[in-house]
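**Student:** Each protein sequence line maps, in turn, to chains R and A. Quick note on numbering: the numbering used here labels position 73 of the first sequence as 174, and the sequence is numbered without any gaps. Quick note on numbering: the numbering used here labels position 6 of the second sequence as 227, and the sequence is numbered without any gaps.
The set of hints was computed from the structure by calculation and includes no laboratory data. Careful, some of the hints might be misleading.
[What the hints assert, rightly or not] Residues on chain R that point at chain A, a partial pick, calculated with CB under 7 Å: (1) Asp198; (2) Lys387; (3) Ala403.
[To be verified] Once the Cα atoms are required to be at most 27 Å apart in a straight line, the calculated BS3-like pairs of lysine-lysine come out as: (4) A:Lys223 - R:Lys413; (5) R:Lys376 - R:Lys284; (6) R:Lys133 - R:Lys105; (7) R:Lys208 - R:Lys387; (8) R:Lys208 - R:Lys317; (9) A:Lys278 - R:Lys417; (10) A:Lys236 - R:Lys260; (11) A:Lys278 - R:Lys409; (12) R:Lys414 - A:Lys298; (13) R:Lys317 - R:Lys105; (14) R:Lys387 - A:Lys223; (15) A:Lys278 - R:Lys127; (16) R:Lys260 - R:Lys210; (17) A:Lys224 - R:Lys208; (18) R:Lys208 - A:Lys223; (19) R:Lys417 - A:Lys224; (20) A:Lys298 - R:Lys123; (21) R:Lys108 - R:Lys210; (22) A:Lys278 - R:Lys414; (23) R:Lys127 - A:Lys296; (24) A:Lys224 - R:Lys127; (25) A:Lys224 - R:Lys387; (26) R:Lys413 - A:Lys224; (27) R:Lys123 - A:Lys313; (28) R:Lys413 - A:Lys278; (29) A:Lys296 - R:Lys123; (30) A:Lys224 - R:Lys409; (31) R:Lys409 - A:Lys223; (32) R:Lys414 - A:Lys236; (33) R:Lys108 - R:Lys319.
Where is the CB? At the ideal position from N, CA and C, for every residue including glycine.
Chain by chain, the residues:
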Amino acid sequence: MSEKEIKNLEQIFEARIERDEKIEPKDWMPEKYRQTHIRQISQHAHSEIVGMLPEGNWITRAPSLRRKAALLAKVQDEAGHGLYLYSACETLGVSRDELYEQLHSGKAKYSSIFNYPTITWADIGAIGWLVDGAAIINQVPLCNTSFGPYARAMVRVCKEESFHQRQGFEIMLTLCRGTEEQKAMAQDALNRWWWPSLMMLGPTDAASVHTEQSLKWKLKRKTNDELRQQFIDQTVPQADILGITVPDPDLKWNEETGHYDFGEIDWDEFWQVVKGHGPCNKERMKARVDAWENGAWVRDAAMAYAEKQQSKKVAKAS
Amino acid sequence: MKKNWPLWEVFVRSKNGLEHRHFGSLHAADAEMALENARDVYTRRNEGVSIWVVESKYITASNPADNGELFEPAKDKVYRHPTFYNLPDEVKHM
Chain R
102 MSEKEIKNLE
112 QIFEARIERD
122 EKIEPKDWMP
132 EKYRQTHIRQ
142 ISQHAHSEIV
152 GMLPEGNWIT
162 RAPSLRRKAA
172 LLAKVQDEAG
182 HGLYLYSACE
192 TLGVSRDELY
202 EQLHSGKAKY
212 SSIFNYPTIT
222 WADIGAIGWL
232 VDGAAIINQV
242 PLCNTSFGPY
252 ARAMVRVCKE
262 ESFHQRQGFE
272 IMLTLCRGTE
282 EQKAMAQDAL
292 NRWWWPSLMM
302 LGPTDAASVH
312 TEQSLKWKLK
322 RKTNDELRQQ
332 FIDQTVPQAD
342 ILGITVPDPD
352 LKWNEETGHY
362 DFGEIDWDEF
372 WQVVKGHGPC
382 NKERMKARVD
392 AWENGAWVRD
402 AAMAYAEKQQ
412 SKKVAKAS
Chain A
222 MKKNWPLWEV
232 FVRSKNGLEH
242 RHFGSLHAAD
252 AEMALENARD
262 VYTRRNEGVS
272 IWVVESKYIT
282 ASNPADNGEL
292 FEPAKDKVYR
302 HPTFYNLPDE
312 VKHM
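This is chain A alone, in the form it adopts within the complex (with noise of 0.2 Å):
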């Protein structure tokens, strides 16, 4: 009976101070394997300091079919922005 190696997620620092990106996926038998083949695919220029590796069956993602209502409704909430309050020009700092 033949099983596939399982997809991976690999997500890298490219630096300390930033943040973790998404930086492609992978085919590994474990963990481990994930994390050398990711060292190998994407950090062979100095690119990462760090990297995680998630199974690709582990991630939940949001359907763009849903994005109406979940991200339409902040577009009217422009009272969450700076801009939306007016102020006089004389008004420093701020």
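Next up, chain R with everything else stripped away, as it sits in the complex (with noise of 0.2 Å):
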């Protein structure tokens, strides 16, 4: 094709989009809506499948049969936001194979929360109140955006996530009104989950080096800034009904702007977390690499097994 050409169709392209027209995967596309697609498409399933690591710690001492089912079930959930995330992903012609390979060698990045260590029960009630609360506004524009089978994925994500914020609410809640030490380990939890969560709605808008193109595209609707401001503003009253304080001073509602005015994000630590520093990356990575490896054998089993099968299948019909 010509660079004549290419200009025209993607000219046609970026009208398309203008119109809120859904891209599906065969249509034309520029190169590098495919690569940013596969980028954060891949990053997002990462991040649902590494994410079931630090509460999969604390299935077995779940405190009784009702938070472990809860518990059970969310993290379910999320192998199954990790598998349609990868399928949509895969329909921009990478293979699953390769999106393991970019995670396991590390040139895949996934959401640098999951990288601090879950060390109390009530860290499980403050992933599900503080890192889904935030997933959930990361996630919500995403069901409108250009690019059909990531947004058809979205939207089911979205329906099954906002039972998991609740169920994380109710743990804190529980903790709260229960004895001094359980409201102690829920504020403890809080101060060690608030500044990871704010980071996790990514760089601000001035580092950012994909805002403005992805907005363009629709892969984002608001940035990074906006989003954190809206967390902050409905997770603080949330605190407030819990009678738990959110561990920054200079947090204070502006009658001016009408949000909550906060206090300075430490950036050097959200980068060495991103660059693989935090406490826990090397053990998430090993985790997911020894269970893909140590898996070699069943998945060649199975598919042993498929092919006998079909063959003693031809055998009789023939």
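Two chains, two frames, some hints: make the complex.
**Tutor:** Printed below as a string of structure tokens:
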């Protein structure tokens, strides 16, 4: 294709997105659109899969059968969300194996929040309340994104996510209405998860390299700073209901703007964790790589069995 | 020699009386596993009463580049629609 023809196709493409038309996998798309979507959707899928690990840590130690059943269901949902997203990503012409390979080699990223440890039961409450809360804020606008398979996957994810946040808040509420020690445990979890949750909404607009292009493609409908403000505005009153304190001395309601002002985020910490130096990066990656490698014989055996069954069927028919 | 599990497309009937609708895709070694995986991945909340799976390679899809010749001829056939025909207002039940 000549450069002029590509330019022409690009203009038609941009106009379609402008009109809010969806782009489907077999439609022509600029190479950069394809690559950006592979990067973002796979990063999102990896986050769901790695995100199972910190919570999986507490399944066997959940304090009641009710909590255990809920946590199991939540972790299973995350596996499901990862799978919806991987298959959406594969429609762009990348294979599942390549995607895993990118995760395992460190080439692809996942949400840095999952590199923090879950050291008490209250962390499970805080993750549901804060981490899933931030995820919902990130994800709801994506239900309207321009790439059809991604938008459809997100509709399903968002429908299921609301239970995650409510179960987390209920855990926090129970602890906060419990003994002094239980309430202190909830406060401690908020102290540790608050700032990483704010970071989860991404670098500031000034530092974000992808925002402008992503807004144009409707891969993002709001900037990171807008999403973060929304998260803070809706979460602070929830902390008030719990009766615990958000660990930010600069946090205060601003009558004039109608939003909360908040303190400086430690972006050095964020970049350290993104670059692999968080408390659990190595542990998380090892768990994923081990699962993949130790499961190889099962995948091979299933394939060999399927082929054998198939050839039996063929032999019978002939 | 490594062989990857093939890709399957999943169709779910959400309740009797409705058609099966495309829900997404997944990997599985064979049809039976594809059905079981589809149950776990796509119907965790009573989304379905029946599942179809078909290996993706058996689906032939039209090419969006051919949309002009495939679909445009229908556009100028407005006489296929009831609103094409002008009738006086006093004609009822039509």
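**Student:** Each of the hints needs a verdict: does it hold here or not?
**Tutor:** Comparing the hints with the structure gives:
no.: 1; hint: Asp198; in the structure: holds, 6 Å
no.: 2; hint: Lys387; in the structure: violated, 22 Å
no.: 3; hint: Ala403; in the structure: holds, 4 Å
no.: 4; hint: A:Lys223 - R:Lys413; in the structure: holds, 21 Å
no.: 5; hint: R:Lys376 - R:Lys284; in the structure: violated, 34 Å
no.: 6; hint: R:Lys133 - R:Lys105; in the structure: holds, 17 Å
no.: 7; hint: R:Lys208 - R:Lys387; in the structure: holds, 15 Å
no.: 8; hint: R:Lys208 - R:Lys317; in the structure: holds, 26 Å
no.: 9; hint: A:Lys278 - R:Lys417; in the structure: holds, 24 Å
no.: 10; hint: A:Lys236 - R:Lys260; in the structure: holds, 19 Å
no.: 11; hint: A:Lys278 - R:Lys409; in the structure: holds, 20 Å
no.: 12; hint: R:Lys414 - A:Lys298; in the structure: violated, 49 Å
no.: 13; hint: R:Lys317 - R:Lys105; in the structure: holds, 22 Å
no.: 14; hint: R:Lys387 - A:Lys223; in the structure: holds, 22 Å
no.: 15; hint: A:Lys278 - R:Lys127; in the structure: holds, 15 Å
no.: 16; hint: R:Lys260 - R:Lys210; in the structure: holds, 25 Å
no.: 17; hint: A:Lys224 - R:Lys208; in the structure: holds, 24 Å
no.: 18; hint: R:Lys208 - A:Lys223; in the structure: holds, 23 Å
no.: 19; hint: R:Lys417 - A:Lys224; in the structure: holds, 25 Å
no.: 20; hint: A:Lys298 - R:Lys123; in the structure: holds, 26 Å
no.: 21; hint: R:Lys108 - R:Lys210; in the structure: violated, 32 Å
no.: 22; hint: A:Lys278 - R:Lys414; in the structure: holds, 20 Å
no.: 23; hint: R:Lys127 - A:Lys296; in the structure: holds, 22 Å
no.: 24; hint: A:Lys224 - R:Lys127; in the structure: holds, 26 Å
no.: 25; hint: A:Lys224 - R:Lys387; in the structure: holds, 24 Å
no.: 26; hint: R:Lys413 - A:Lys224; in the structure: holds, 19 Å
no.: 27; hint: R:Lys123 - A:Lys313; in the structure: violated, 40 Å
no.: 28; hint: R:Lys413 - A:Lys278; in the structure: holds, 21 Å
no.: 29; hint: A:Lys296 - R:Lys123; in the structure: holds, 21 Å
no.: 30; hint: A:Lys224 - R:Lys409; in the structure: holds, 14 Å
no.: 31; hint: R:Lys409 - A:Lys223; in the structure: holds, 16 Å
no.: 32; hint: R:Lys414 - A:Lys236; in the structure: violated, 32 Å
no.: 33; hint: R:Lys108 - R:Lys319; in the structure: holds, 20 Å
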